[in-house]
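Peer 1: Single-letter residue listing:
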Amino acid sequence: MSAPVLVRPAGDGGGPVVAVQPGAHVLRGVSAGPSLADHRRRTPPPPALPLADLVARVRDVDVRGRGGAGFPFAAKLEATAGAGRRREVVVNLSEGEPVSFKDAALALTRPHLVLDGAVLAARALGSRVVHVVLPGDRAGVAAAVRRAVDERGHEDDRVRWRLHRAEGRFVAGQAHAVVELMSGRPNLPVTGWQPVALHGYRGRPTLLSNAETFAHVALLAGEHRAAYAGAGTGEEPGTRLLTLDGDGERPTVTEVAHGTPWEDLLTDEALDGPVLVGGYHGTWAAPGALRGVTVSRTAMAAAGLSLGAGVVLPLSPGDCPVHRTAGIVAYLAGQSARRCGPCRHGLPALADAVRATDRGIDLSARAGALAGVVTGRGACAHPDGTARTVTSMLAAFGDEVAAHASGGCGYRPPRLVARSGGSGR
Amino acid sequence: MTGPFLWYANRGTGVVLLVLLTATTLLGVLATHGAAGGRVPRFLTQAVHRSLSLACAALLLAHVTTAVVDEYVDIRWWQAVVPVGATYRPLWLGLGTVAFDLVLVVVATSLLRARLPHRAWRPVHVSAYACWVLSVVHGLGIGTDASSPWARTTGLVCVVAVGLAAGLRVTGLGVARLRRSRAATADALLVTGAGR
Amino acid sequence: MSARLRVDWPACRGRGLCAEVLPELVSLDEWGYPVVHGDVPEDLVGLAREAARTCPTLALRLVGSR
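Protein chains in written order, with this note's numbering: chain R, 895 to 1319; chain C, 602 to 797; chain L, 339 to 404.
No lab work stands behind these hints: they were computed from the structure.
Hints are supplied without guarantee of correctness; some may be wrong.
To be verified - Label-pair restraints from in silico Cβ distances:
1) C:652 <-> R:969: 26 to 34 angstroms
2) R:1117 <-> L:373: 50 to 58 angstroms
3) R:910 <-> C:638: 48 to 56 angstroms
4) L:391 <-> C:678: 45 to 53 angstroms
5) L:391 <-> R:1087: 40 to 48 angstroms
6) R:1020 <-> C:731: 47 to 55 angstroms
7) L:373 <-> R:1259: 42 to 50 angstroms
8) R:1080 <-> C:620: 54 to 62 angstroms
9) R:1196 <-> C:721: 23 to 31 angstroms
Said to hold, decoys possible - Pulled from the structure, derived: some chain L residues nowhere near chain C, Cβ distances all over 12 angstroms:
10) 346
11) 351
12) 395
We put the CB at the ideal spot given by N, CA and C, even for glycine.
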């Protein structure tokens, strides 16, 4: 395996260094450099594919959204096309999840693949403008995309680029929040009576997708398409990007073919410990639960798990999943837009319940009940995702919760466990 | 057309309007105050508020009509909606005219409430407070009975009532107490571990 | 398509009038915000429409009927 490319999403100011592992398709040739010239040596400019043709190619390979929801891209393309004549295209590069770096990696190593995909979609939909939403808190990524757009100049004739900068918060990348940002209003979710694909920016049908999704679409335009379709499995062709974020190690972005066993990606130590898959709105895999499972939507669903935005967080030895979840939920509660009552009140209450459970007061029943109460009751899926993480923690680590109630912890050394007031000792 | 009947009708509707408009305002505040599950369901208070306000609108039409039709004082039809240019007590009449205009707008927007965005309806509706104030000042200035003791007492009671209601609205007292008591319940759960 | 009650969450202030009008379908969580239980059956559509009309911030909407 060739050496990874090291990038700094935060720019020269600091922040983590992320390793980008060269891959076979989306991450092919990342060692060569992100410039347009380097890109064009490998990939010709995107042709003008008619919509039906593009939809067919996307459907053949069943490209799904890479932003976390996994919606079939062909269906989204068709819905957008069918909802009106003036369509908008938006590339969502805001990546509000703090532990996810796949979109940052793309922006810093293969931005033009993403932009090619967006141009393909724009031409098929007859859109003259492509909007790109940049992250508010990763200056390196924003700069790289601006450079890439400048480099393209007039190459994409009749397609103009408009850049937007998201606010640096977790919910900034939510579809309606992005439309709000583009419309000059605060970058926060609002109630969507219709999906953005049907009624989005300026009321027009808006194709809003994750940056990685557009990168995959770009691979379907030229001669690389056959190779890409040959990767993965019969039911799930193709690949996806994962951010592997082991504690204390450099985050690594790697391209993984669907159907790859988790044993090929994680060490035994990681596999036999708790792993949070999907990021902060993801699901916990109990120790060993990933053995025999592959990186595949269906295989994960069968195991009660979900790939989400492709973040994989194995815990290091000595790190407790209950304690980690308490920290994550506290963070997510703070990231609420505070516009919807159930989220504004429910998430802090949920954070309190999980924190108390971590510290020995068993409020797990209340946490479970609260998770149910906040789900589906908000303008966006932020409470739903938070609830999902809590619910999966309670399901996978029931024994650990019970241990905490007795004042102990199966993972952390005794001297680090916070003692509660006196219950259960 | 003239005669004491029209004059007394105008004065009578004026006083009654003061009381009923005050009641309408109080009901409006009470309709969204507090929590669900009280003795009187607030949709009932809301319904009475709506009905009473329409009754006030009707009474107001009578009040305006009697003033215009009565030839004892020279008030023209157009002076019912245009607040300047009157000859009879122009300042106090003008205030009443502005209040009448506001009532028309408030009632119209409320009848069409379901078809308007809430953000548009609300500021218009809040102007009802200003409308109420203008009506009181109009009555004080132009009202024949304004100086009599019973009128003064009635007026004072109405002003205090609306003042308290507005205070309740502005400080959100009821709601704040509600949130605090709910927060206390949740904290109690945490301390006693009653969530088991 | 059956009728459903949907809440415009950023507009909802948790006043709870909807739960007073339609306790059969709407209960309130511990902070006063509505929890809608299921779709609106035929015989409750009128009351559901009334509940939407009663909401002080027009946050409750009846969709999928008429």
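Peer 1: Are any of the numbered hints broken by this structure? If so, which, sorted upward?
Peer 2: 1, 4, 5, 7, 8, 9, 10, 11 and 12
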